[in-house]
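Undergrad: Construct the complete structure from the given sequences, taking the supplied hints into account.
For reference, the chains in residue letters:
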Amino acid sequence: DVKVTQSSRYLVKRTGEKVFLECVQDMDHENMFWYRQDPGLGLRLIYFSYDVKMKEKGDIPEGYSVSREKKERFSLILESASTNQTSMYLCASSLMATGGAKNIQYFGAGTRLSVL
Amino acid sequence: AQSVTQPDIHITVSEGASLELRCNYSYGATPYLFWYVQSPGQGLQLLLKYFSGDTLVQGIKGFEAEFKRSQSSFNLRKPSVHWSDAAEYFCAVAPYGGSQGNLIFGKGTKLSVKP
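Taken in order, these protein sequences are the chains called A and B. When we follow our numbering, the leftmost residue of the first sequence carries the number -16, and every step to the right adds one. When we follow our numbering, the leftmost residue of the second sequence carries the number 15, and every step to the right adds one.
Hints may contain errors.
Result set (DSSO-like, lysine-lysine): computed pairs, CA atoms no more than 30 Å apart in a straight line [stated by the list, open to error]:
| # | chain 1 | residue 1 | chain 2 | residue 2 |
| --- | --- | --- | --- | --- |
| 1 | A | K1 | A | K38 |
| 2 | B | K128 | B | K63 |
| 3 | A | K(-14) | B | K121 |
| 4 | B | K124 | A | K40 |
| 5 | B | K121 | A | K38 |
If you are wondering where the hints come from, they were derived from the structure by calculation, not from laboratory data.
TA: Set out below in structure tokens:
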């Protein structure tokens, strides 16, 4: 089974802190994604990555950056956390396949971040 | 731009009753379509997917979905709901013909099950 592990289930940080959210997948997937989930808004894509050191902006990249130094690890960075970044953050990965199979994403359990 | 609409924010059904969750998408060609389920405090799990071929697809946990091109819909169904089905359900479409590997999600439908 594919396993996507997010390092923290719950995180509480102060406004202005630099925050790192870590995600590791164990299935050698090329693609990795960071989403933010808010009630009534569903999942919104922050950043994604097709390969090591590659990154692409999603729909809401402002206030976030990412790092992918190794294939299995994709980090989301909040350079200076703000209260409006309080949310559930979900990491996902998928295989670089042909056709629809490349779009099958496997999710971690999520990190609920509170910024006070 | 491609989009996914789930018109029902919250649905309550009785245990043993049938279920249909609605999903409409906007996309010119035949899209890749997905249904995911999220139990409380968990990540998303893939229920089923449609790429091509038979428009009625079977998934895990007894769920099925039907792709209707004429209605731009991909509704999720289950003949008899169990209490453990209480969760949030997300419909998703792969934009740009799936070429980028990412998904666009609907805003979700929360399912409550009455005993």
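Undergrad: Are the hints correct? Go through all of them and say.
TA: Hint-by-hint comparison with the structure:
no.	hint	result
1	K1/A to K38/A	holds (20 Å)
2	K128/B to K63/B	holds (28 Å)
3	K(-14)/A to K121/B	holds (25 Å)
4	K124/B to K40/A	holds (29 Å)
5	K121/B to K38/A	holds (25 Å)
In this structure, every one of the numbered hints holds.
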